[in-house]
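Chains as they are written, first to last, in numbering that gives the first Met the number 0: chain P, 0 to 296; chain D, 0 to 308.
Hints were generated in silico from the structure; no laboratory data involved.
Note that the structure is a prediction, hence the values are computed from the model and not measured.
Even glycine gets a Cβ: it sits at the ideal position worked out from N, Cα and C.
Incorrect hints may appear among the rest.
[What the hints assert, rightly or not] Simulated restraints, written as ranges between beta carbons of each label pair:
1. P:L87 / D:L263: 47 to 57 Å
2. D:L90 / P:Q156: 44 to 54 Å
3. P:G42 / D:A128: 21 to 31 Å
4. D:R23 / P:F220: 34 to 44 Å
5. P:N159 / D:P24: 22 to 32 Å
6. D:R195 / P:A195: 31 to 41 Å
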Amino acid sequence: MTFRSGAADAPAFNQNLGAYLFLAPALLILFLSLLLPAAATIGMSFTDISFLRPTNFVGLDNYLRLLSDGRFQQAVFNTSYYTLGVTLPTMVLGLLAAVALNRRFPFRVAFRTIFYLPVLTSLIAAAVVWVYIYEPYSGPMNGLLVSLGLPPQPWLQSPNLAMTALIIMAVWRDFGTAMIIYLAGLQDIPEEIYEAARLDGAGKFAILRRITVPMLSSVTFYLMIILIVQSFQVFGAIYVMTGGGPLGSTETIVFQMYQTAFGYTEFGYAAAMSTVLFFVILLFSIVGTKIMRKGEA
Amino acid sequence: MSTATSDAQSVAPVSAASRLAALRPVAEAVVGYGLLLFAAFATMAPFLWMVSTSFKTDPEVFRFPPSFVPQGLVWQNYLDVINAPDTGRQLINSLIFALGSTASNLAFCSLAGYALARMQFRGKTLVFALVVGLLMVPAQSQIVPVFLIVQKIPFAGGNDWLGNGGTGLLNTYWGMILPTAATPFGIFLMRQFFTRIPIEYEESARLDGARPFTIFWRILLPLARPAMAVLGVLSFQSAWNEFIWPLILTNSRDMATLQIGLQLLQSGPDARWNVVMAMATLITMPIIVVFLFAQRYVIDGAVTSGVKG
Chain P
0 MTFRSGAADA PAFNQNLGAY LFLAPALLIL FLSLLLPAAA TIGMSFTDIS
50 FLRPTNFVGL DNYLRLLSDG RFQQAVFNTS YYTLGVTLPT MVLGLLAAVA
100 LNRRFPFRVA FRTIFYLPVL TSLIAAAVVW VYIYEPYSGP MNGLLVSLGL
150 PPQPWLQSPN LAMTALIIMA VWRDFGTAMI IYLAGLQDIP EEIYEAARLD
200 GAGKFAILRR ITVPMLSSVT FYLMIILIVQ SFQVFGAIYV MTGGGPLGST
250 ETIVFQMYQT AFGYTEFGYA AAMSTVLFFV ILLFSIVGTK IMRKGEA
Chain D
0 MSTATSDAQS VAPVSAASRL AALRPVAEAV VGYGLLLFAA FATMAPFLWM
50 VSTSFKTDPE VFRFPPSFVP QGLVWQNYLD VINAPDTGRQ LINSLIFALG
100 STASNLAFCS LAGYALARMQ FRGKTLVFAL VVGLLMVPAQ SQIVPVFLIV
150 QKIPFAGGND WLGNGGTGLL NTYWGMILPT AATPFGIFLM RQFFTRIPIE
200 YEESARLDGA RPFTIFWRIL LPLARPAMAV LGVLSFQSAW NEFIWPLILT
250 NSRDMATLQI GLQLLQSGPD ARWNVVMAMA TLITMPIIVV FLFAQRYVID
300 GAVTSGVKG
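I would like the entire structure built from these sequences, with the hints used as guidance.
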């Protein structure tokens with residue numbers, strides 16, 4: 000922020016108008032795609048709107064129903080399990096890749112590019128390829144297991160394994176993002192600290208554990224928030240790979256919301272789900288942003 | 000890639016008195032490279048399987064365990080995808096959607112970013128706070144209301160002025176583009192960029208009495224090419240890869256994008272893995288090629304979007 004002359008404090012009418020014209024298209028889009036939907040979701044969550052019969056105001060009924068809805072609780076559990084399962088390994092792999100690639104050596108850029116490729120792939124292409132990889136009768140994953148002398152597994156067809164299979168695919172897709180963000184964080188650690196530690200005779204793992212990881216704590220926390228927010232909203236992979244099955248074992252909140260709204264046309268009830276999800280995610284985002292601001296200051 | 004050759008000396012083994020001490024860095028380098036190569040191979044494996052399977056014949060796909068190297072290069076699968084009745088239509092839909100979304104992001108986000116960076120107006124702090132606040136709104140949790148809003152756009156698709164009676168912008172390109180036409184991230188990115196351009200560039204033009212739009216169009220926009228490149232590539236990539244908006248906002252076969260088409264092909268009754276993989280390869284390649292050309296900018300942009308967004 001720079002200081003401006005007094006005249007700028009009282010902008011002329013036509014300058015106001017000019018600025019509003021510049022802003023109008025973008026703000027209209029944001030209003031229609033984010034602001035109004037957020038408000039509409041909250042409003043709709045207090046009704047039984049379905050577009051098939053007249054809409055009634057139902058107060059907190061939808062929320063009370065959520066509290067006793069076993070399927071929704073299952074979805075919350077599945078989503079939390081998925082989020083936890085994706086977030087931790089993604090951050091560890093991302094950090095290891097970033098530390099490994101933070102030195103200058105031949106083919107560094109090639110490795111970085113390879114690790115980042117899954118991030119670029121469309122979710123649907125990636126999901127389709129992984130459905131093939133997990134294919135029980137002709138897929139490469141079972142081919143690998145068999146060639147190692149292990150029994151083949153019914154990956155996506157087993158209620159016990161399907162979620163794990165989805166988590167493996169998500170970690171594969173996301174650790175490149177973690178790597179890039181950690182690489183940016185590593186650039187900010189002064190080289191002198193490492194030199195001092197080396198002079199004191201600290202080993203590689205001691206340096207990683209005592210210096211790198213603590214110095215990256217704000218980046219780690221921020222990354223964790225991004226991954227949690229993103230994983231909480233998982234939908235496309237579920238839609239393509241399992242359809243929520245088998246036996247509801249991979250049904251997540253957004254997937255159930257999609258089904259409730261567009262399958263059963265219970266828009267009001269879906270809006271209540273959406274509102275719960277919205278505030279949980281918003282909470283994580285606000286905490287993440289606060290931490291980030293603190294890290295920058 | 001350019002740095003790779005100049006770094007070659009840095010891993011050369013250090014000559015030391017003790018042989019064991021001299022071997023240690025070598026051993027570490029070997030183990031390090033080994034681990035990296037393994038990780039790189041594991042990361043690439045799904046892509047390699049995708050490409051390898053796309054060249055296999057029908058009987059070869061069902062052989063178990065599957066072989067990594069196809070027996071020959073069967074281009075028929077690619078021809079099957081390209082000649083399928085819906086593919087051309089889906090490609091056009093994807094291109095219109097991705098290019099439309101990119102163009103509107105470039106136009107709207109740069110205009111808004113410029114206003115927030117350089118213009119003085121009442122409510123500026125509030126608008127900026129709103130944009131930053133909206134960065135946090137999860138888009139995927141808004142599928143239900145966005146569907147309803149797109150359906151209720153007045154005067155579109157047979158709607159009256161209250162937005163009732165018709166289908167609104169459902170099943171139209173406008174409807175698909177709408178939720179992605181401007182993003183808080185794009186506005187934020189452009190605003191940050193414009194803030195860093197020295198004010199002197201536009202001051203002389205302003206003294207000459209140039210109008211704000213002329214200053215923006217003639218002076219600021221040409222300077223903003225790098226930021227526009229980042230925003231353009233990221234917008235195109237995210238629209239090209241988008242699944243949820245086309246899925247929800249269209250339901251006719253004529254409006255399906257390539258992503259929807261791939262999902263339909265894979266879940267269809269006569270799905271053949273080699274053809275599905277050929278289509279996945281065709282969809283993935285453009286983005287990877289664009290990325291390889293714009294790598295430096297895009298990674299910087301991705302970092303900005305992740306760390307500062």
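Okay, the hints, checked on the actual structure:
Taking the beta carbon of each, P:L87 and D:L263 are about 35 Å apart, not inside 47 to 57 Å as hinted. Taking the beta carbon of each, D:L90 and P:Q156 are about 33 Å apart, not inside 44 to 54 Å as hinted. The supplied range of 21 to 31 Å is met by P:G42 and D:A128, whose beta-carbon atoms lie about 23 Å from each other. As the Cβ distance of D:R23 to P:F220 is approximately 36 Å, the hint placing it in 34 to 44 Å holds.
For P:N159 paired with D:P24, a C-beta distance near 45 Å fails the hint of 22 to 32 Å. Judged by the Cβ atoms, the range 31 to 41 Å given for D:R195 and P:A195 holds: they are separated by roughly 34 Å.
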